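There are 2 protein chains.
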Amino acid sequence: MTAPDDQSLSPLSFLIRSAAVWGDREAVRDGRRSWTYAEHHARVERLAGGLRTELGVEDGDRVALLLPNVPAALELHYAVPGAGAVIVPLNTRLAAAEYRYILEHSGASVVFCHRSLEGPCAEAVEGLPRRPRVVRVGEGAGGDDEYEGLAATAARAELRRPRDERALLSINYTSGTTGRPKGVMVSHRGAYLHSLGQVIEAGLTTRSRYLWTLPMFHCNGWCYTWAVTAAGAAHLCVPSVDPDALWQRLREERVSHFCAAPVVINMLLESEAASPCPEPVRAFVGGAPPSPALLERAEQLNFAVTHLYGLTETYGPLMICAWNPAWDDLSVAAQARLRARQGVPTIVSERARVVDAEMRDVPADGETTGEIVMRGNNVMLGYYRDPEATVAAFSGDWFHSGDAGVMHPDGYIELRDRLKDVIVSGGENIAAVEIEQILVEHPNVAEAAVVGLADERWGEVPVAFVTPRGGGALDPDELREFARSRLAGFKLPRRVEVVDDLPRTATGKVQKFVLRDRLSGGEDRPAPSP
Amino acid sequence: MTAPDDQSLSPLSFLIRSAAVWGDREAVRDGRRSWTYAEHHARVERLAGGLRTELGVEDGDRVALLLPNVPAALELHYAVPGAGAVIVPLNTRLAAAEYRYILEHSGASVVFCHRSLEGPCAEAVEGLPRRPRVVRVGEGAGGDDEYEGLAATAARAELRRPRDERALLSINYTSGTTGRPKGVMVSHRGAYLHSLGQVIEAGLTTRSRYLWTLPMFHCNGWCYTWAVTAAGAAHLCVPSVDPDALWQRLREERVSHFCAAPVVINMLLESEAASPCPEPVRAFVGGAPPSPALLERAEQLNFAVTHLYGLTETYGPLMICAWNPAWDDLSVAAQARLRARQGVPTIVSERARVVDAEMRDVPADGETTGEIVMRGNNVMLGYYRDPEATVAAFSGDWFHSGDAGVMHPDGYIELRDRLKDVIVSGGENIAAVEIEQILVEHPNVAEAAVVGLADERWGEVPVAFVTPRGGGALDPDELREFARSRLAGFKLPRRVEVVDDLPRTATGKVQKFVLRDRLSGGEDRPAPSP
Numbered sequence: 064m065t066a067p068d069d070q071s072l073s074p075l076s077f078l079i080r081s082a083a084v085w086g087d088r089e090a091v092r093d094g095r096r097s098w099t100y101a102e103h104h105a106r107v108e109r110l111a112g113g114l115r116t117e118l119g120v121e122d123g124d125r126v127a128l129l130l131p132n133v134p135a136a137l138e139l140h141y142a143v144p145g146a147g148a149v150i151v152p153l154n155t156r157l158a159a160a161e162y163r164y165i166l167e168h169s170g171a172s173v174v175f176c177h178r179s180l181e182g183p184c185a186e187a188v189e190g191l192p193r194r195p196r197v198v199r200v201g202e203g204a205g206g207d208d209e210y211e212g213l214a215a216t217a218a219r220a221e222l223r224r225p226r227d228e229r230a231l232l233s234i235n236y237t238s239g240t241t242g243r244p245k246g247v248m249v250s251h252r253g254a255y256l257h258s259l260g261q262v263i264e265a266g267l268t269t270r271s272r273y274l275w276t277l278p279m280f281h282c283n284g285w286c287y288t289w290a291v292t293a294a295g296a297a298h299l300c301v302p303s304v305d306p307d308a309l310w311q312r313l314r315e316e317r318v319s320h321f322c323a324a325p326v327v328i329n330m331l332l333e334s335e336a337a338s339p340c341p342e343p344v345r346a347f348v349g350g351a352p353p354s355p356a357l358l359e360r361a362e363q364l365n366f367a368v369t370h371l372y373g374l375t376e377t378y379g380p381l382m383i384c385a386w387n388p389a390w391d392d393l394s395v396a397a398q399a400r401l402r403a404r405q406g407v408p409t410i411v412s413e414r415a416r417v418v419d420a421e422m423r424d425v426p427a428d429g430e431t432t433g434e435i436v437m438r439g440n441n442v443m444l445g446y447y448r449d450p451e452a453t454v455a456a457f458s459g460d461w462f463h464s465g466d467a468g469v470m471h472p473d474g475y476i477e478l479r480d481r482l483k484d485v486i487v488s489g490g491e492n493i494a495a496v497e498i499e500q501i502l503v504e505h506p507n508v509a510e511a512a513v514v515g516l517a518d519e520r521w522g523e524v525p526v527a528f529v530t531p532r533g534g535g536a537l538d539p540d541e542l543r544e545f546a547r548s549r550l551a552g553f554k555l556p557r558r559v560e561v562v563d564d565l566p567r568t569a570t571g572k573v574q575k576f577v578l579r580d581r582l583s584g585g586e587d588r589p590a591p592s593p
Numbered sequence: 064m065t066a067p068d069d070q071s072l073s074p075l076s077f078l079i080r081s082a083a084v085w086g087d088r089e090a091v092r093d094g095r096r097s098w099t100y101a102e103h104h105a106r107v108e109r110l111a112g113g114l115r116t117e118l119g120v121e122d123g124d125r126v127a128l129l130l131p132n133v134p135a136a137l138e139l140h141y142a143v144p145g146a147g148a149v150i151v152p153l154n155t156r157l158a159a160a161e162y163r164y165i166l167e168h169s170g171a172s173v174v175f176c177h178r179s180l181e182g183p184c185a186e187a188v189e190g191l192p193r194r195p196r197v198v199r200v201g202e203g204a205g206g207d208d209e210y211e212g213l214a215a216t217a218a219r220a221e222l223r224r225p226r227d228e229r230a231l232l233s234i235n236y237t238s239g240t241t242g243r244p245k246g247v248m249v250s251h252r253g254a255y256l257h258s259l260g261q262v263i264e265a266g267l268t269t270r271s272r273y274l275w276t277l278p279m280f281h282c283n284g285w286c287y288t289w290a291v292t293a294a295g296a297a298h299l300c301v302p303s304v305d306p307d308a309l310w311q312r313l314r315e316e317r318v319s320h321f322c323a324a325p326v327v328i329n330m331l332l333e334s335e336a337a338s339p340c341p342e343p344v345r346a347f348v349g350g351a352p353p354s355p356a357l358l359e360r361a362e363q364l365n366f367a368v369t370h371l372y373g374l375t376e377t378y379g380p381l382m383i384c385a386w387n388p389a390w391d392d393l394s395v396a397a398q399a400r401l402r403a404r405q406g407v408p409t410i411v412s413e414r415a416r417v418v419d420a421e422m423r424d425v426p427a428d429g430e431t432t433g434e435i436v437m438r439g440n441n442v443m444l445g446y447y448r449d450p451e452a453t454v455a456a457f458s459g460d461w462f463h464s465g466d467a468g469v470m471h472p473d474g475y476i477e478l479r480d481r482l483k484d485v486i487v488s489g490g491e492n493i494a495a496v497e498i499e500q501i502l503v504e505h506p507n508v509a510e511a512a513v514v515g516l517a518d519e520r521w522g523e524v525p526v527a528f529v530t531p532r533g534g535g536a537l538d539p540d541e542l543r544e545f546a547r548s549r550l551a552g553f554k555l556p557r558r559v560e561v562v563d564d565l566p567r568t569a570t571g572k573v574q575k576f577v578l579r580d581r582l583s584g585g586e587d588r589p590a591p592s593p
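Top to bottom, those sequences are chains A and B.
In this text, residue positions in the first sequence follow this note's numbering: the first is 64, and each later residue adds one.
In this text, residue positions in the second sequence follow this note's numbering: the first is 64, and each later residue adds one.
Read the hints as simulated data drawn from the structure, not as lab findings.
Treat the numbers as computed from the prediction; the structure is a model and nothing was measured.
It cannot be assumed that every hint is accurate.
Claimed, not checked - The following label-pair restraints were derived from C-beta to C-beta distances:
(1) A:V454 with B:A101: 49 to 59 Å
(2) A:D563 with B:S97: 31 to 41 Å
(3) B:E342 with A:D424: 33 to 43 Å
(4) B:G123 with A:E430: 44 to 54 Å
(5) B:R270 with A:M422: 34 to 44 Å
Stated by the list, open to error - Covered by chain B, per the in silico footprint, the following chain A stretches (three or more residues, Cβ under 8 Å):
(6) 70-82
(7) 109-123
(8) 183-191
(9) 262-270
Beta carbons: idealized from backbone N, C-alpha and C, even for Gly.
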């Protein structure tokens, strides 16, 4: 043992404490079955024991998870590090070739694979020189699959917190829109602190009931895998995001909190099953700003929506659009504008800045664009086995988000665009997101994506792709008229294309390069400028 | 600079962030004046600058604070560490000789002294070989004293977080009932984590308004000096605990939280100014368990009382009697019994155990007494310049509280007594607190203290000192009858003495040794046993 104050920070502490303090409280529920914290802890300790003794996992080994939001995914977020190993969560929507790359790059020795994903998993491991052991996860906990054998019968092993709290906890591969995925290295210390921050920012308590709409493979579920446990709250697992099923869970299981991308929230809001919740539900939105229409509809349903911002490299949300009580008396429209911003660092986050190319802060005028850079315990250790990319991302000792934003006079940061998505037209920078936000204010528009089209005269001109809301009619000319009164002339989309849906990556990001390709080379090739 | 994730933990971060995020929100109010977080931060930075340039304070110097709960006490909780120095908070109720000892032992080079305490301060420094510089603090911030000169005009210095987060932040001298005070060493890391824990356990948000009933010189106000700032909430300073004034502040300033010893809460509850608060007020009680009568009366006034437990050595409350929702439907009496317990480690605390002399856990039966021992980041670094006492307190690598308790089957710890306060009678151990809790259940008893009286036959017998509630009549015989039905025969007080008040230390602990002296040698000397 060591000095009594020498306790290394690790999210494993949260489960150990909640099992001791909240042992009789519900920890995990998957719709059919439920486990208390004492039971959940026992299963995790058996899995940790099984990992060491039956699967031969050793300190520092990588263990991949190819799982939807079943209880096993949560259990392994404790059992793997508790056995001294490192989690590698895999996005369930990737292709076999992508899994193969990640498994090889991470050197995973074990893959826990859900039965619904055995096809691509088998294909992925087939071609690997060092084939990992694949452990089948069936119906999830309570079934009779190989996984359940470990969870039910292996000898319990006490969860081992690392001596060095900066030890590797998880490697989270970012899907990106181009290039090979990079492995973001998450530490025990960072996850512990980020989780405490989320408990505070989300107001989680032991009475909270958290619905798992956000995939756990996204930045370990933004650390809610650990934050919900820290609070002694209940994890409500849902393997897929069917709106009817979600509404049923929302009502029957008295959900208090959930996180999601706007596309999922929109799906919920527009579902026929939607009706106001009896108690307020706190919803955290990331990936894109909530539109005024979303905020308004959400309020009707008793959802309190907060906008978060971050990247895989920052454990998910390093920033929050924290509500300032001074906004209480503003108009709904003014509130919506403020609430769409990315906001301020969370309580445990060090600092976020908007800087120019020489790392000088841009003026806090809400106008001057710069790159958002961040520091804090919830910035990654670096990219796994990629020192070059790490050095590039950490230029000047700050993490570079690659996102362009502005600093408002009140200290809130607002994203303008991914840097590469800026459209330069007639010497003016145009943020695509600025146009997109205007377009989705139109009542018949569901989603909008704006890209630059090469133009002989202006360099680039913006072109918009929009999807109609609820299958209604959408007139491109009428939409341009709508935008004309809300945008500077040079920002008006030169063309508006109505499409059934937008091309997306496996993680739901719009693939703007596909749209650009379509414009420059596809069947939608524009007529040359006059 | 260093890697972007390399951020040392320090409560200074909380002020830096709140000044950036909540700059326009109220930070400090003293009844007459008020400062926003931006203004508060500016004053703190000027004080930090003044400490270095005008008072010659250097890295690691000790700076003593002899201040009631005025804004200056709060400001210096940031300015002193922000200047690289170490806080030494002094209890305002000590005698000059005690100040002299602490100033000499800590080697303080500067003392910030409130004008109301100049007498004992002058007497204390008079006899010191190395006389510290005394800086006069007048009406508090906004006046024209020497302190205000620094806060208003010194050049601002950026607050400096230490590179090593285990660096010394504060030395808190424990008053104790016997012997010389010991200097408890508090680290930046411990204070940061303990503060986050208190934000979570108390549910502090930026809308919270914290009333400073608890002295800031008690364990840095149980770290609420830093926790309230972390949340961006308002500090409401009160230099003394006059019940009428407190009730005025409670109402006019919409107080949401406060901490206090039961004696202060009782004073509030019994004040003629008392009436139900319009919004719930969360009150945290430490130092002694809340009685059922206190809990009941508090609820009538819309106070939600939670019992905390800890020592100066554990940054104040390392434990909390966390409410388990399973208690919701119990009777009020059953709830009161559960709520009087010391509870479980807070969310950031590692572990608390009840152990026998060989450091083995006692059975979790709610009966077997052992010593409460603790580990965690919120255990002190050790005693300042007293390695011997440190080694003794850290025996077996756990901090030894010196308190006797039991472990209940649900994992909650309940204090039985200070180990030295156990009365041994006829071979049976009697916890004085057990008798005291019964006596205060009598409607006419305000407070009770029980000590052992030497007895030829039984070794010791318990004797009770009680104070009457509200000046009412109190019949010792009737009180013994009252206790007879509630206590085992051997635990019944042999004698009951009605007194006007109990002797207390400067920190409010009952001085049982004074009561014992009174029994054995004073005017109350009992007749010898027959």
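Could you check the structure against the hints above and give me the numbers of any it violates, in ascending order? Checked against the structure, the hints that fail are numbers 1, 2, 7, 8, while the rest are satisfied.
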